[in-house]
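Residue 382 in the numbering used here sits at position 69 of the sequence shown, with consecutive numbering throughout.
Be aware that a few hints might be false.
Pairs of lysine to any residue, SDA-like flavour, derived with a Cα cap of 20 angstroms [to be verified]:
1) K420 - G561
2) K497 - K522
3) K417 - K545
4) K417 - G451
5) K417 - S491
6) K566 - D603
7) K545 - G561
8) K420 - I485
Okay, the calculated beta carbon distance ranges per label pair [what the hints assert, rightly or not]:
9) N459 - T486: 14 to 24 angstroms
10) S470 - S376: 20 to 30 angstroms
11) G499 - P393: 41 to 51 angstroms
12) A381 - G549: 41 to 51 angstroms
13) G576 - P378: 19 to 29 angstroms
14) T490 - N547: 36 to 46 angstroms
15) F542 - F383: 18 to 28 angstroms
16) G398 - N551: 18 to 28 angstroms
17) G422 - S470: 13 to 23 angstroms
Worth flagging that the hints you see were computed from the coordinates, not collected in a lab. Computed from a predicted model, the values in this text were never measured in an experiment. Glycine included, each C-beta is placed from N, C-alpha and C at the ideal position.
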Amino acid sequence: MIIYNDGYEYKLPNSTPTQTSWTWAPPSFQYSGNATLVLTVYDGAGNSGGRSIGVYVTKNTSSTPLPAGFPSAFTMVTPPVIAQGAEQSTTSIATAYNQFSIEKYYKRGSISWSNSTNVMSPEMVYNAVHVGGSTCGGSALFDNYNYLVNNGTCLWSTLPYSNTNGCLASVITNSMTSQARQNKAGWYMRKNFIYVLDKGLTKIYLNNKRPLVVLTRMENTAYNSGAGFVWKVNDGSNLGATALTIVGFDNTKNAYKCMTTWGPNKCDGGFLWVDYDFMTQIALQAWYLDTL
C-alpha cells in the first residue's frame, strides 16, 4: 500500500488494517529518508490503540508534461488586494475573497469586478469560523472551506471586510445568510504538496484559471520585499503562518505569482513572487476550490 501525503510516497506492506488515522514524522521536506508512521485504531466504544512502524519516504518530484504551445507565463484577473490588518484573517481572505471571487469571476464570464455581483465577503466567513471570540484569532483553512461549502458567503456590498469593526458572528443577519446560500462552493480538495511539487500540473491548473491556496511560514525578507523580488531562500526569521493565493506563473522569473492578504502597498503591489522550487520547500498545503 502507498500513502501519498506531503509530496511523499509512504510504502507500506500490502495489508489493510482497520484504521481511523495515520500520523507520521517525515524527514525534512527537501529530502527522502526514513520516517516513523503511527497507526491509531479505535473501536466502537472510542477506545484506541496503536503501533509505530518505520517506513522509507521517497519524495515525489515528478512533473506532468506540458502540451505543445503551453504559455510560458499567465496571470489571472484578480480583485484588488486587501489588507487583513490586525485581525488574523489571512485564511479567510485567501479563500473567501481571493480564491472564491476569482472562481466566481471566471465561471460567470465576468469582464469586470463588482462588489454587488462577484466580489465575495471574507468578513462573513471569518466572523463565523475564527477562534478567540472578540480577540479575532486565526482560523484553519479546513474550517473556511467547510463554511463555504455548507453555508456560502454573501457579497462584499452586503458585508464589506473591515479589520476595525470587530469579528463577532452576531453581525451575520438572516438576510446575509440567505444571500450566502446562493453563493456556496461546490467542493474543495487538499493535495498536500502534490500540486506544488508537480510544477507541470500546477501550471495547468493555473492556466485553466484555477487559483490555489497555500499555507506557509512568512519571513521578514519576503514580507518587506518590493517589485522585482523573487522569494527563493530562507532568511531564518519567522513572522508566523500566512495564506497565499497562487494566481499565475512566469518562466522567465521561474516563479509563481501569489496574491497576499497584506494590501497593495506590500511586496509587488500586494503580490509576492515565489520560486518554483522554493515553493516545494515552504508550502504546507495546496487547496483548490470549485463553485456551484
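We went through each hint and held it up to the structure:
1. K420 - G561: OK: K420 and G561 at ~17 angstroms, within 20 angstroms.
2. K497 - K522: Cα-Cα ~19 angstroms, so holds.
3. K417 - K545: violated (31 angstroms)
4. K417 - G451: Not satisfied, since the Cα-Cα distance of roughly 25 angstroms exceeds 20 angstroms.
5. K417 - S491: holds (18 angstroms)
6. K566 - D603: The hint is violated at about 29 angstroms.
7. K545 - G561: holds (17 angstroms)
8. K420 - I485: At roughly 26 angstroms apart (the allowed maximum being 20 angstroms), I485 and K420 break the hint.
9. N459 - T486: 14 to 24 angstroms: Holds, since N459 and T486 (Cβ atoms, about 21 angstroms apart) stay within the stated range.
10. S470 - S376: 20 to 30 angstroms: violated (42 angstroms)
11. G499 - P393: 41 to 51 angstroms: For P393 against G499, whose Cβ atoms are near 25 angstroms apart, the range 41 to 51 angstroms is violated.
12. A381 - G549: 41 to 51 angstroms: holds (42 angstroms)
13. G576 - P378: 19 to 29 angstroms: Once the Cβ atoms are compared, 38 angstroms apart, the range 19 to 29 angstroms for P378 and G576 is violated.
14. T490 - N547: 36 to 46 angstroms: holds (43 angstroms)
15. F542 - F383: 18 to 28 angstroms: holds (26 angstroms)
16. G398 - N551: 18 to 28 angstroms: The hinted range 18 to 28 angstroms holds for G398 and N551, with Cβ atoms some 20 angstroms apart.
17. G422 - S470: 13 to 23 angstroms: holds (20 angstroms)
In summary, the numbered hints that this structure violates are 3, 4, 6, 8, 10, 11 and 13.
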